[in-house]
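Going down the list, the protein sequences come from chains A and B. Letter by letter, the first sequence follows residues 1 to 388 of our numbering. Letter by letter, the second sequence follows residues 1 to 1109 of our numbering.
Honestly, I wouldn't trust all of these hints.
[Claimed, not checked] As a list, the in silico EDC-like pairs of lysine to aspartate or glutamate whose alpha-carbon atoms are at most 20 Å apart:
| # | chain 1 | residue 1 | chain 2 | residue 2 |
| --- | --- | --- | --- | --- |
| 1 | A | 136 | B | 585 |
| 2 | A | 193 | B | 187 |
| 3 | A | 313 | B | 443 |
| 4 | B | 1039 | B | 1018 |
| 5 | A | 136 | B | 581 |
| 6 | B | 76 | B | 109 |
| 7 | B | 291 | A | 13 |
| 8 | A | 136 | B | 564 |
| 9 | B | 857 | B | 719 |
| 10 | A | 11 | B | 585 |
| 11 | A | 193 | B | 289 |
These are calculated hints, taken from the structure and not from any lab test.
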Amino acid sequence: MADPASSHAPKPEGATGVLVLADGQVIWGRGFGAIGDAVGEVCFNTSMTGYQEVITDPSYAGQIVTFTFPHIGNVGINEEDIESRVDSAVGCIVREDVTQASNFRSRGEFGNWLRDHGKIGLAGVDTRALTRRIRKSGAPNAVIAHHPDGAFDVPALVQKAKAWPGLEGMDLAKIVSRQIEEGWEGSTWTLEKGYGRSPRDERPHVVAIDYGAKDNIFRNLVKAGARVTVVPAETSLEKILELKPDGVFLSNGPGDPAATGQYAVPTIKGLLDRDIPLFGICLGHQMLAIAAGAKTAKMFQGHRGANHPVQRKSDGVVEITSMNHGFAVDGKTLPEGVEETHVSLFDGTNCGIALTGRKAFGVQYHPEASPGPQDSFYLFEKFVGMLR
Amino acid sequence: MPKRTDISSILVIGAGPIIIGQACEFDYSGTQAIKALKEEGYRVILVNSNPATIMTDPDMADATYIEPITPEVVAKVIEKERPDALLPTMGGQTALNCALDLFENGTLEKFGVTMIGANADAIDKAENRQRFREAMDSIGLESARSGVAHTMDEAYKVLETTGLPAIIRPSFTLGGTGGGVAYNRSEFEQIVRDGLDASPRTEVLIEESLLGWKEYEMEVVRDRNDNCIIICAIENVDPMGVHTGDSITVAPALTLTDKEYQIMRTASLEVLREIGVETGGSNVQFAVDPKTGRLIVIEMNPRVSRSSALASKATGFPIARVAAKLAVGYTLDEITNEITGATPASFEPTIDYVVTKIPRFAFEKFKGAKAELSTAMKSVGEVMAIGRNFKESVQKALRGLETGLDGFNRVEELEGASREEIAAALARATPDRLLKAAQAFREGFTVEDIHAITHYDRWFLRHIEDIVLEEQNIISEGLPNDAAGLRRLKAMGFSDARLAKLAVRSVHVAGGLGETQALRSGLLHDTLRAMAGATSESEVRALRWKHGVFPVFKRIDSCAAEFEAITPYMYSTYETPLFGEAEDEAMPSDRKKVVILGGGPNRIGQGIEFDYCCVHACFALADAGYETIMINCNPETVSTDYDTSDRLYFEPLTGEDVLEILRVEQEKGELAGVIVQFGGQTPLKLAAALEYAGIPILGTSPDAIDLAEDRERFAALVEKLKLKQPANGIARSRDEAVAVANRIGYPVLIRPSYVLGGRAMEIVDSQSQLDDYIASAVTVSGDSPVLIDQYLRDAIECDVDALCDGDEVVVAGVMQHIEEAGIHSGDSACTLPTHSLSEAVVDEMIRQAGALARGLKVRGLMNVQFAVKDEEVYLIEVNPRASRTVPFVAKAIGQPVAKIASRIMAGEKLADFPPLVRDISYMAVKEAVFPFSKFPGVDPVLSPEMKSTGEVMGIDKNFPLAFAKAQLGAGMHLPEEGTAFVSVKNSDKEYILPAVKELVEQGFRIVATGGTQKYLADAGLPVERVNKVAEGRPHIVDKMIDGEIALIFNTTEGWQSLKDSHSIRATALTEKIPYFTTAAASRAASEAIAAMRGSQLEVRSLQDYYSTN
């Protein structure tokens, strides 16, 4: 049986790309980047800069990013603005064709980079209309596809989108996490010097659990004065303790915290039991909350952008933050001994917790920025300061 | 944090008259601020000398002082009103400087007034170059390397730090005369030497050249809890070297990586913290080296600005409103983002479109001014356009400018030019350089070629190249005849008019035949259309509509669709269908609606006065129960504030763009009509197209407006009404012009037909001057005739503004000009009521105005200009639409003239309103303000061509005091003692005698040139003779430079005398010596001086004047 929705959108002449939603609707456009198809959840990001950081953020694993800003690719790509070398977004949707880059830092074109990294791009789409749809109906599962000859088996793509189980219940962290331990020496970026380096001397030792981390987190930890060792997501409690951490960092990452929590939460609980200082970001924050007894839930449209206001409850100060999450800690489920430290001023959702009387805290947003505002760098200093 | 309760009344200082660099954006910000403060229950006191503002409407502030913005006068307001606080950040540099003076002279302390928004130290730290540089050093931000030199040796020392090229600016010279850019040591030596010579203090500032660097502006808002947010990042398309107000700019920044952007963001916040702007909006400007990313702080403004108005319109975030709330103690998280109604103001707007601003210039008004841009701002207005991509955005902006462009029009002077010529043209920063870049592509230049010369970022150039290539494709292939093809072109921003032109060219008929046939009908035209697809704007539209290619409307929501927007603030774009059809967010209502067309970019002759009228139409028709829909493209205005109308479309005012909006608005509800009479010439030009499309026009019929502008039809009406006009005629060739002038007799007033602001209008004394004029100033042809009038020398000119509902007529004001007939009415000072005319003459003008209004079947506003000579009333012209004087009249008499007019236009009768009281017991004087100081070398003399950018009002109990205030408001500080220089033409000598007598009585010393000296001495006055410039030194200009002259009366006759006295006026301007170039104004000035010496200037609020009237 022909899908009724797709029959409403016949392929326009020259279409070389398509987004096929699980409900059968079809959005045609011009493909770029890699050839082929990929399945994921369609989300949107409202940042006007930093597409390269977004597209390399492992938290976007299993997702197709709709950029709300129409011109993407303006400043090309470079080796510095990569946030990870593991799986991240499977593709992106933009309104305008990517044009030749113009920036002194550029080392290549965005489209070519996507192609080389197996990511699919779709241009020529009314991304605002798509965003509004996600706002109204939630983030749909879909297949993004690109073929220069424009030949697509739409019914098959619909089936593929339908068959995809979705992010809920999905443990993507173990896929994007490092598989081996790594001593991290890179520090943060400055205009003239690029990334700094810091030898691994005797300083507070932070073991960072990589659930799909953005590199800028580690750089900020180093900048704040820590010696950083990054370990894979499934590293056991014993293995972590053997590294003699002064503190443990729980990274961001993709997927459902409940799923990843299956193995991560017991580890975190073990660390808590031993009073090892903890700092969690995004997925790490969610799993810290679960370990402390709270619950998480999938959000309707998620928060993704670089303009999100978060209020620090201790003094009322507003931090403008970078966000990227589709799940959130349910603030109402925080047990005694867990204090809500930050809330979203957009919708009141939880954005930070601290365990009363203990050196353990987490934030839902991305204080490491990259892309986005750097208002919250202080959290890294706060954490490393706790370890001295 | 809650609002402050320790203060209950707040003084707001406005920006005064519209001048270059300070335009109606400060009415927008001031109005927002006053509304916001009143919402919070504070008593608001306002001082602003500009009557053409919404902020000075009597129902805005609690006490409104239309008084000069000088520390002395504002101190009087403070003494009288005893405000608790002063908000100095809403009125531009004028308000900031005045507030700083009031702080420094102790007034604020004396009366216990607290500065809110920005304190004196923060203002000083931001404004003082040295302190600012030190502040930037202390937070590790680089400033341009520079140093001051007084000798050549010092200069070479500075050069060691700046390097070459270096910019040399002599200190204390007007418009940077004598400075320049040195690229080698020999040039450096030359320019420094010249600069030291040119500087009265023998001082030059030498700066590292940042020419060609990228320029950015960050709009920042901070609250007392140290929450800082960026509202908008603006990128200049024009690189460093062109004032940001004169630059084409885009938002958001398009060519920065996130890392660079965040450096700039963090730096901006640090600058605010370091300067100490505790609350409110500021902007910080940066220069970025495109090769290395090196970042230099240029300057910061600790107040709202032109760019914050732009940022507000570009994002939907009302910076001034929020800044006002922050100033009284709120924090950002306590303020709601009204666009969404659901989220707080403590966020950073993110947009999903591209905004382009293009400034508009008026060089053609100033003979002798070089149309080149530099670091001193020269533009008089700007257009903003919004599109879903840069191409659409920039092309919409170009057609919204109303300079005859429908996109990237060809630059004919460069067609087929040599590479050298093109390169030379690109090297000059002219207002049309972007068009020249497009032309250069057509002439074979590459992106790299153009980038190397202009330093436009390659990203922008590539998009312009795409547009040019697409145009060439249309020229070779013709228009596409399918929906996808047309939509693709429309999404690139091509206007229908542009597509029509390109389509016609695609037919390749020789010798301009295509262009000619496009305008005609018949077989040839039909053939052409068949070949081209379409040959005119309307045919392209028909083709487009046939294929179902319509624009959709998207909302400006501050959040890129992340949240629902409850405010209908919209722009058009062309989208590909997503789920079946292109998504349109216009959602027209089913209400009864009125569309008000705004005035587009400000220009000389069409400015804030017309926006004032449009805003009043919105307010009045909303009161009357209509849904009001505003269309405009000027980001500086109150009319484009999202809460002025019920629905706002930020769109170019072209037939195409307006008709598409009306199409959508007519889908639901009832369109009662469109108001085209309030926005000046811009909407009037659209009236015919709207009528042709069957759109109802409210008020006076466009035909009546046309009748009034059409000399021959109008003459017939004048004859029918038995009114008297100066002898006149129309000429379509040089020979006809000579014949008409001979019939009328010289002098004659000559001008092209159909213009606003008296462009290219001149008084001509002889046939040889007439020949000159026709040869140089205008094109005279069958399509563009010139109008020739008898020039009534020394007549008194009057303006009458009246309301008519088709039957009944009420005159709202009769104004008497101070300058004699022949000076453009917009440039002339005037009084309300008249101050020296007989009652009989005034009554006769009222009678004639009534007859004209009925004769033209006016429904709404009408303005009539008369000339009075020897008790005889001559009709000069009638404009059955809103005039420039409407806000002045409304402010003077305290009646909502424009509001009543709007409701009459929508069908109500004058009898429905309380009777309009015209008689007032005080005197109001309007004075024009001129931009001569921005155009070095231009003769600052008045003529029939309008040159003023703005106006002030002086109001007091009698004419001399009101005139004195008007002068003070306009920046002319009349002296109360000293030496006056008098040099007047023969016909003025008798007339000026009483003025000189008055000065002598007031203790002034008088010096005069030969003829005038003899005349005055013969009349028994003690007058010393002084040399004219041509008579040897020391001459009058030497004395002026030496500070010996305090006042100048100088009138001229004939070209030679005008030329001879140019240096006097130019020097008066640079030395800031009050000067008057007409005998009538000279007399008024002497009366004002006498009155000022006799009494202290007093201040009184409008509300007080009205209540005792």
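Verification of the supplied hints:
1. A:136 with B:585: Between residue 136 of chain A and residue 585 of chain B the Cα gap is close to 14 Å, so the pair holds against 20 Å.
2. A:193 with B:187: violated (36 Å)
3. A:313 with B:443: violated (62 Å)
4. B:1039 with B:1018: Violated, because 24 Å separates the two Cα atoms, which is more than 20 Å.
5. A:136 with B:581: holds (17 Å)
6. B:76 with B:109: OK: residue 76 of chain B and residue 109 of chain B at ~14 Å, within 20 Å.
7. B:291 with A:13: violated (41 Å)
8. A:136 with B:564: Holds - the C-alpha atoms of residue 564 of chain B and residue 136 of chain A are around 9 Å apart, at most 20 Å.
9. B:857 with B:719: holds (16 Å)
10. A:11 with B:585: violated (25 Å)
11. A:193 with B:289: Holds, because 16 Å separates the two Cα atoms, which is no more than 20 Å.
Violated hints for the displayed structure, listed by number in ascending order: 2, 3, 4, 7 and 10.
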